[in-house]
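In case you want the letters, here they are:
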Amino acid sequence: MGEAAPDSEATRRLLESLESGESAAFDELFARHRPFLRRVVEVRLDGKLRSRVDPSDIVQETHLEAYRRLPDYLERRPMPFRLWLRKTACERVMMAHRKHVQASRRSIDRETSLASRSSDQLADQLLASGISPSQELGKSELARRVRQSVLQLPELDREILLMRHFEGLSHREAAQLLEVEEAAARKRYGRALVRMSKLLAESGLTESQIR
Amino acid sequence: MIDDNRHLDPALANDPSVESLAAEVADEFTERLARGERPEVDEYVRRHPKMAGVLRELLPALRLMHQSGSEILSDSEPRPVGNVSAETLTGCLGDYRLLREVGRGGMGVVYEAEQISLGRRVALKVLPFAAAMDAKQLERFKREAQAAAHLHHTNIVPVYSVGCERGVYYYAMQFIEGQSLADVIAELRRLSGDGTGDDSNAPPLSNVSEAVTRLASGGTRTVPWLQPFRKPAEDAPADPAADDGGALHSPEDSPDADAPKDGSSATGETSDQASGGASGGASNGRNKNAVASDRAVGASADDGVPRTGSPDRRSPSSDRPVSTATGTYATLSTQQSLHGPGFFRSVAMLGVQAAEALDHAHGLGIVHRDVKPANLLIDARAHLWVTDFGLARYQADANLTRTGDMVGTLRYMSPEQALGHKAIIDHRADIYSLGATLYELLTGRPVWGGSDRRELLRQIAFDEPPPPRRWNRLIPVDLQNILLKMLSHEPQERYLSAGLVAEDLRRFLEDKPVLARRPSLLDRAAKWMRRHRAAVATGVALLVLAVIGLAFSNVMIAREQSRKEGALRDREAALLDLADKQRLLTIEQEQTKSALSAAEVQRARAEFNFEQARAAVNNLLVAAEGLAKIDSPEAQEVRREMLETALLFHQEFLKHAGDDPAAQQWIADSLRRLAELFNEMGAKPDAHVAYELAREITERLAREHPDDPDIQLGLLAIYRWLGVLQGIGEPSLLAQESIREHLVLSEEQVALVDKLAEERRNSFRDLLPPRRGRRDRSREERAAAEASFQERAREDQARIAEILTPSQSARLRQIALQLQGTQAFGSPKLAVELGLTTAQQRMIDEILETAAREFREIFRSHRGGDQDGPRDASARQRFAATRESAHQRLLGVLTQEQNAEWLRLLGEPFLGELRIGPRGRPPLSPRGDRGRDGDEDGDEGGDKNNRDDVRDGGADGDRDGELDSPPKGDASARGDQFPPRVRTDAERSGVPA
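Residue numbers (the working numbering), protein chains in the order written: chain A, 41 to 251; chain B, 2 to 994.
It is worth saying that the hints were derived from the structure and are not from the lab.
Ideal placement from N, C-alpha and C gives every residue a C-beta, glycine not left out.
Be a bit skeptical, because a hint or two may be false.
Taking CB as the label site, the calculated pair distances span [claimed, not checked]:
#	chain 1	residue 1	chain 2	residue 2	range
1	B	Cys165	A	Met134	35 to 45 angstroms
2	B	Glu38	A	Glu49	40 to 50 angstroms
3	B	Ser18	A	Arg138	42 to 52 angstroms
4	A	Met134	B	Glu29	30 to 40 angstroms
5	B	Glu29	A	Leu191	21 to 31 angstroms
6	B	Arg36	A	Leu191	24 to 34 angstroms
7	B	Ile117	A	Lys139	49 to 59 angstroms
8	B	Cys165	A	Lys139	37 to 47 angstroms
9	A	Lys139	B	His151	53 to 63 angstroms
10	A	Arg212	B	Leu365	23 to 33 angstroms
11	B	Glu29	A	Val220	17 to 27 angstroms
12	B	Ile117	A	Val220	26 to 36 angstroms
Kindly generate the complete structure, drawing on both the sequences and the hints.
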């Protein structure tokens with residue numbers, strides 16, 4: 041996926057510029073991570089919420105929030121910038137959940153909310169990552185099964201799969217977030233994969249069937 | 002920590018080595034995907050066989066997760082392909098700013114976008130399947146996409162650029178303000194309410210008024226382009242919409258006539274009508290100005306043109322009050338206008354445009370491969386645009402979309418595509434798909450109604466498209482014929498090119514006869530048999546036979562009806578009884594029944610069926626000829642069966658032909674051709690039966706029409722062939738009154754000969770096996786029939802020898818030889834008599850063979866219609882020249898003595914008394930000195946050739962006197978003389994020896 045190692049050379053340089061007072065560098069820095077954040081947000085917004093909240097809006101909120109907290113980060117450097125952004129985004133998602141669970145009495149009109157989405161960040165995210173912007177992969181059956189399997193996984197397994205495959209995190213990053221050793225993260229990942237393959241098999245998916 | 006093991010195979014779940022290996026493989030796989038590679042699942046399965054099960058499940062899922070990203074998790078329901086998705090791409094893609102999504106399909110998502118650098122509005126198509134292609138495929142895709150982008154045609158959506166921006170492949174095209182034919186078909190279906198019938202997908206009738214209201218209120222842009230539909234044909238037959246705003250003009254309009262319009266159209270948007278007019282039916286004639294102005298309009302369009310909802314002010318109806326548009330819908334909502342001539346013509350006009358676009362692309366070697374309503378766009382001026390050239394293949398290559406949308410595409414797919422004959426897919430696949438598209442537009446129904454993939458495939462493989470007129474009797478027959486020809490199962494039976502489709506559609510629009518013939522019942526039956534060869538049961542031939550009989554009887558009924566109304570009733574009863582048996586062909590029954598209700602219609606129809614029967618038999622024989630080239634016993638068996646089937650058809654024809662001379666003559670001619678085909682494959686008894694049937698008919702005709710040269714010539718050819726078949730053919734000749742006189746037979750002899758002839762007629766009937774089971778005869782039985790036939794022929798000859806005096810016999814032999822012509826050289830008996838050496842025989846065979854080939858060649862190159870032989874002078878000349886050269890070569894082979902012996906065998910020319918020839922004059926002459934002339938073209942061409950035959954035969958007569966010395970000089974030129982110089986009776990009458 042798009043971004044590779046945590047805090048690439050470019051990110052580090054931009055952070056240095058930031059530290060030396062070039063606040064404009066932040067926009068560039070954030071833009072580099074926007075697609076990644078977008079994915080992080082997307083996989084954490086459940087279907088119902090997505091009909092009301094645009095992931096782009098949350099990314100936007102994350103942008104503002106991160107900017108607000110930036111001095112704190114630069115001072116402490118508790119984790120790589122990218123993971124820090126991710127953490128901020130996850131917080132925003134949780135807040136959105138809370139807010140909308142409270143507001144769930146309001147009717148949700150999926151149709152209109154779909155049509156009214158306005159942000160342009162999705163495009164950036166998709167395009168930057170090289171992911172096809174289309175839903176039209178035509179593999180709706182496979183997609184359905186993958187989705188089902190992912191959702192059926194125990195939460196820890198799911199989380200690590202999300203990190204690896206949707207957020208594009210490395211084992212090291214995942215380990216850092218899970219607060220375990222890298223080897224342990226890798227092991228968990230392998231277990232999740234095997235479980236997932238089992239679930240896929242149960243839902244009848246094989247390579248030959250899509251051919 | 003994790004105790005939810007419900008779904009896990011214990012063995013796998015507890016095996017740490019499997020888990021760590023899975024992680025390892027997944028890491029590598031994912032990394033390669035991220036690098037843009039296309040790792041193969043199989044590769045990993047091979048590397049880790051122990052993990053095969055896990056990897057086969059896992060890796061495709063990981064790939065999909067990589068490709069589709071988080072979207073895959075976003076839905077709780079499977080997303081229907083082609084519907085609005087939860088995501089809309091916005092923002093910028095390279096030089097393009099995406100404005101809105103305008104459509105989705107299996108091929109990608111289309112956005113309306115602005116090209117920032119040029120400030121023009123474009124349609125941007127994002128191609129998701131590119132993401133799943135490997136590097137080689139991508140390379141090929143780019144190459145061919147660029148080729149397709151270079152297509153410049155007024156009916157092809159111009160592609161501005163093909164690009165890849167950060168991994169997303171896209172096409173930027175001219176933005177077409179309009180809708181796809183798929184939308185149009187849906188609208189029309191709603192409007193007409195006609196599609197309800199057995200089409201469960203069609204909306205109920207009650208929706209119609211609602212749809213009309215919605216449309217009239219500006220809900221779509223259907224209004225302007227539909228208006229030409231209202232233009233009745235009678236207003237302007239060749240140019241039905243000439244005075245309409247978005248007029249489509251007739252193809253004869255010269256480019257010059259367009260030029261001023263185009264010039265004006267370049268000056269501003271409001272003159273779109275003019276360029277619309279120019280772009281309509283005659284994009285060929287449209288000059289580059291028009292294209293340029295078109296694009297200029299497109300380029301400047303983004304500033305004020307409403308995107309949805311409001312009426313398009315660039316539409317041709319700009320000068321028309323809106324109420325007209327409303328009125329249009331009111332009218333359209335009635336069955337009449339949707340099924341009226343204007344509508345049919347509009348369909349044809351759209352077809353012309355699409356066909357021309359395809360033809361242009363085909364000319365450059367680009368096959369669309371996915372012509373379907375969704376890929377044909379119609380703008381506000383009824384101008385049609387073909388889009389998505391050459392993309393289909395990549396979609397298939399990428400191995401996506403095998404599910405949902407496949408069925409939608411399959412519906413329009415040619416059999417060769419749908420059934421996976423990839424190797425032979427060419428431009429004719431597009432012709433088929435266009436046919437399927439126009440069919441649906443015309444009838445409101447898809448050609449194939451199957452609702453799932455399997456049923457569709459079955460229909461495509463085995464069914465014939467229902468004729469459009471089944472759904473709407475008002476659809477013109479010609480238009481139906483064109484569509485059905487486009488929809489032929491076999492590519493070679495479709496039009497040769499899309500250009501020819503356009504031409505034929507134009508002929509239809511101009512009320513000229515179209516080239517497409519309606520596939521006849523026999524055509525369809527023959528096709529059916531071809532497709533179901535393994536399953537063809539004896540019953541099928543009978544069924545087909547009866548159907549042909551039906552077609553034939555229609556002719557006869559009609560003819561009789563014009564003479565005597567009363568006779569109809571009986572025939573009708575018989576006919577309906579017959580028709581009742583044809584469950585397979587219910588439509589024909591209906592047509593027959595309804596035809597019976599109106600005398601004039603019936604007559605027209607019946608004539609039509611007669612033509613069909615002719616064409617059908619012709620097709621059968623052509624098919625049999627084709628099989629002759631295949632050197633396999635199976636093919637020869639099938640060929641023989643086809644010929645036998647054809648023979649049965651003819652016997653059936655005879656029953657229905659009554660006393661119509663034209664029908665009888667045709668049957669006789671066709672029988673002769675059939676006989677020759679039998680003879681060629683060595684089926685002598687069958688050939689004999691066919692010839693005898695032909696002789697019977699022709700002799701009767703000759704009695705009734707003694708002055709008709711065609712009949713006399715036909716008889717002559719039959720005698721000649723019967724002579725060859727029977728050795729020397731005396732029995733047939735003795736049936737001729739003139740021969741009897743010539744030989745001065747006594748009354749007693751005449752009686753004996755008649756008795757023999759009667760017996761022979763019966764005996765050849767015995768040779769004709771019972772109809773049922775004929776095709777089941779084994780080789781042994783056939784051989785037995787052959788033997789018994791030869792036995793009888795020998796018997797006949799012996800009997801004749803008893804009846805006649807020796808001198809009569811000798812003279813009869815001479816006459817027979819004269820009639821046989823040079824063909825006699827092929828008989829072993831003559832070879833012995835002339836004392837031909839083996840070397841000579843070989844040379845003679847070679848000469849005859851060469852001549853035969855040349856005759857065939859000449860015939861083929863001049864073959865005009867079905868049964869027509871070479872009629873034009875140049876063909877006759879070539880025939881004569883070929884004949885002459887064969888003749889000279891043959892004589893050259895013979896020694897002096899042999900030549901003399903040959904002349905002695907021929908004896909005095911028998912000329913006057915047969916009275917066979919034009920206007921009763923006797924052009925007939927001994928032809929022993931000639932090549933296999935007349936017989937050869939007779940073989941190939943049926944009746945007409947015989948005219949040439951005898952014309953030349955007459956010229957031969959001139960040359961009889963020259964036989965002693967080799968013919969010289971310009972014999973071939975003289976062979977062309979017509980009418981031939983006629984000698985006096987004294988000169989020519991032969992005297993019995």
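Taking the hints in turn, this is what the structure says about them:
Look at B/Cys165 against A/Met134: about 38 angstroms separates their beta carbons, and that is inside 35 to 45 angstroms. Distance hint for B/Glu38 and A/Glu49: a CB-CB separation of about 24 angstroms, inconsistent with the stated range 40 to 50 angstroms. Between B/Ser18 and A/Arg138 the beta carbon distance is about 43 angstroms. The supplied range of 42 to 52 angstroms therefore holds. Taking 30 to 40 angstroms as the suggested C-beta distance range, the pair A/Met134 and B/Glu29 conforms, at roughly 34 angstroms.
Here the CB-CB span from B/Glu29 to A/Leu191 is close to 26 angstroms, well matched to the stated 21 to 31 angstroms. Between B/Arg36 and A/Leu191, the C-beta spacing of about 29 angstroms keeps the proposed range 24 to 34 angstroms intact. The supplied range of 49 to 59 angstroms is broken by B/Ile117 and A/Lys139, whose beta-carbon atoms lie about 37 angstroms from each other. Between B/Cys165 and A/Lys139, the C-beta spacing of about 40 angstroms keeps the proposed range 37 to 47 angstroms intact.
For the hinted restraint 53 to 63 angstroms between A/Lys139 and B/His151, the CB-CB distance of approximately 54 angstroms keeps it satisfied. Taking the beta carbon of each, A/Arg212 and B/Leu365 are about 54 angstroms apart, not inside 23 to 33 angstroms as hinted. Separation of B/Glu29 from A/Val220 is about 22 angstroms and conforms to the stated range, judged on CB atoms against 17 to 27 angstroms. For the pair B/Ile117 and A/Val220, the supplied restraint of 26 to 36 angstroms is violated, since their beta-carbon distance comes to about 48 angstroms.
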